[in-house]
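Could you build the full structure based on these sequences and the hints that come with them?
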Amino acid sequence: MKYIVALALGLISGAAVFAAAILYNPFSVDRVLSPLSVSESELIVLNYSAVPADNIIYTNNGESMQNPYPEKVLQLWEAPIRKTNAMATIMRDARNQPAGIGIKIASLSESTDLLRGEAIMDSIWYVYTPRHGSMFIQQTENYLPFVREVAFPAWRSSVNSWRGVWMGNITAGPGALGMAAVSGASGRVKGLELDGVESLSVRAFSVDTGFVSAEGRLLIELPAAGDEMEEGLLP
Amino acid sequence: MPDLAGELTSGGAVLIKTFFVGVLLGIAAAAGALYALPVVDQAREVSITTVAPNGGNVEVFRINIPTDRVMIGPPGQATPVPPGLEWPDIEVFADMRTEMFKVRNTHDVVIGIAIRNAATNENQDVIDWVLHFPARGSVFVNMDAEPQEGGYRIGRVRAGSREFATLNGAMVERWVANTSNEEGASAGHIELMATYVGEPQPPATTEEPAQ
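Protein chains in written order, with my numbering: chain Y, -18 to 216; chain S, 68 to 278.
Calculated directly from the structure, the hints in this document are not laboratory data.
Any given hint could be a false lead.
[What the hints assert, rightly or not] Some, not all, of what chain Y presents toward chain S, calculated at C-beta under 8 Å:
{"no.": "1", "residue": "I(-7)"}
{"no.": "2", "residue": "G(-5)"}
{"no.": "3", "residue": "I37"}
{"no.": "4", "residue": "V140"}
{"no.": "5", "residue": "N141"}
Even for Gly, the Cβ is constructed at its ideal location relative to N, Cα and C.
The structure is reproduced here in structure tokens:
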């Protein structure tokens, strides 16, 4: 009997060691610095609040960590969209002035591979600003660094919450250097294919209600004037 | 220094060895399970497509109004959707009508989420659709500002992700009113008919091209 108990304890310990190795994998690289932070091109900066109650609407299957907002918004409970959340929010420019609307839809991704340090969401943004026009942004996001440094410490905390400062890029592809693919359809960005990066800045997080204080930022790199001429994008 | 190893009985040593064998088995089992079992498994509905006479695949989606409407943007709605919606009353939102819907296939099963935005920018009308299907990918369609004769509107696939990344094509939107007199019936539905045309893809193998 005692050998069976020892074996069972060993199995549990082994699984725990493996989980810790996945979470604190020294070979997974956190991308704190945006590839666009060294860009010399003009950047479109769009900020938004990542807290559901600060958005115009936020909805999911109604059983996830973050509560839908407003309370009576239609929930995404049908099987094909159960693992998806959607939000509409005000996008603010670098001076924190309202610039337009942003709608983000994000789904848990089947390309998630925890063995490689990837907790992936497939997400898209539709952004419309009167100044720039309409843009479609498609990206894969990796939330493992966020889970390791914010969500897991919050779960371990006796009050189920985390406070501090965490900043990181969540965009992990599909473009070069792990950037998002941005397609412009109208206005100033009409016909352009651009690169973008989304980052999160979290100050408070609760295991019960999700983001308590968090800001998101989209950086979109506009091509230099010379590039546009070379590619014939401008008349 | 006490010789702990020497103090172990043979039964104790076997017990410790059993524990460490368990640790190794636990690591192997966890790794195997993570490798073999999908962490995320999205529910899928079969894509219902037909082949167009002039080439390409046609897929039809529908949005029942008002039941599939998640959000409607302009302020001043008699009945805001969703109830409690506080649409920003700011200048940049003035000439904008943004809606979010659930999207159904022709079997009336919800398969995705759609965004429709109509705006006027510098005297130009902008109408965009984004369709997001969690198990498949997303399509971004830029519509013509002017509707065609007959009331429908045509747009071009501007971009896509995953399954739709390599597809071009067009989409037609039209409003289909419900003519039945059934009690509780929807007012009608928006029909979206997408026609996809793929781009030539490199072959999966690296064989020499045929001479």
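Hints, verified against the model:
1. I(-7): Holds, because the Cβ-Cβ distance from Y:I(-7) to chain S comes to roughly 6 Å (cut-off 8 Å).
2. G(-5): Interface hint status for Y:G(-5): holds (2 Å vs cutoff 8 Å).
3. I37: Holds: closest Cβ of chain S sits about 7 Å from Y:I37, inside 8 Å.
4. V140: violated, 28 Å
5. N141: At 23 Å from the nearest chain S Cβ, Y:N141 fails the 8 Å test, so the hint is violated.
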